[in-house]
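In case you want the letters, here they are:
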Amino acid sequence: MGHSNIVLYEEEYQQIKTILGRLNQEANARVVFLVDKNGQQIAACGEIENLDTTSLASLTAGNVAATDGLAKLIGEKEFSILFHEGERDNIHISLVGKRVILVIIFDERSSLGLVRLRVKRASIELERVFDTIVKKVEMERQAQETGTASPFAEITDEDIDNLFSS
Amino acid sequence: MTFINYASREINCKIVYYGPGLGGKTTNIQYIYDTTNSDSKGKLISLATETDRTLFFDFLPLDLGTIRGFKTRFHLYTVPGQVFYDASRKLILKGVDGIVFVADSQDERMDANIESISNLKINLVENGFDISAIPYVLQLNKRDLPNITNIDEMVKELKVQDEPIFEAVAIKGIGVMETLKAVAKQVIMELKRGGK
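Chains as they are written, first to last, in the numbering used here: chain Z, 1 to 166; chain D, 1 to 196.
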């Protein structure tokens, strides 16, 4: 189909978690999370217990996609940062390496300046991790082409029917 | 673009309900939301106008259970059907794994169905997909209404190739789960083939 799947392995997942955790701390944020451009949540950290992160991820991606459309309409390449200011909480959204979306929710304990500063460094680190992921996925695909089995190669019709049986 | 997370053992897939305005896309998703038990569904998000017309999209995350030890999660989206929302439709197709086309069976909506399918083909191409290669299901909705086009004619006009076709009355739930199941099955089979 010409579109490669995103695959996240344990090692990179832990690296991403570490980067997000540090960013959360250094930026005095409430929540930090990472979403892919299609609205799938990749990782989150901070005060996420009472937060509907799935909906947040989907709406963030919709928001970024709509803003991207706006940018194209006026002849801009992209708007790489979005910022929403609320009475209590603020949301800072930025694109990392054109691939994923980094979202930070923060309140009066932090400031836009601090968040922007910390996001810059974390973005560079995240970009590096995603470069590795892309390489790994590519290697995996080549391995599959030469006949190494993927864990999904064995899926049967019965497996799929079971999903709908409950 | 299926998202496979080996760390948390999750597969996330995106399914988009496409079709002409007022054809029943949101109704399909609403029915799925109403009948799924609360453990396996997230919040239904509807970005709609004051008159309940979809403005940007509806979104419903659905946990279907595990397959080969992987939690299988489907994200269902609808597009706004009205012709002038084309820019939004294009955006929602980004990274799609499977498509359900909800056709309106009423005679007077036949032209709208045809126009919407051709719009879907164009928007898929712009997103780098080909309608004949992507998991795809055709649903003929509103079969309970009096002024409907007969099945053979609808199939002749709307069928793309050999996709599964379902008759439905989405508002009563008839055909809704069958449609979802058929598209989910194709998406998972695609995964089995390695998503190429």
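Just so you know, these hints were derived from the structure itself, not from any lab.
Worth double-checking, as some hints may not be accurate.
Mimicking SDA-like on lysine to any residue, the simulated pairs with C-alpha atoms at most 25 Å apart in a straight line are [said to hold, decoys possible]:
hint, chain 1, residue 1, chain 2, residue 2
1, D, Lys121, D, Arg193
2, D, Lys90, Z, Glu78
3, D, Lys43, Z, Cys45
4, D, Lys71, D, Lys121
5, Z, Lys135, Z, Thr18
6, D, Lys71, D, Tyr85
7, D, Lys185, Z, Ile155
8, Z, Lys37, D, Gly42
9, Z, Lys37, D, Met189
10, Z, Lys37, Z, Thr67
Keep in mind the model is a prediction, meaning the values are calculated, not measured.
Which of the numbered hints are not met once you compare them with the structure shown? Those not satisfied are hints 4 and 6.
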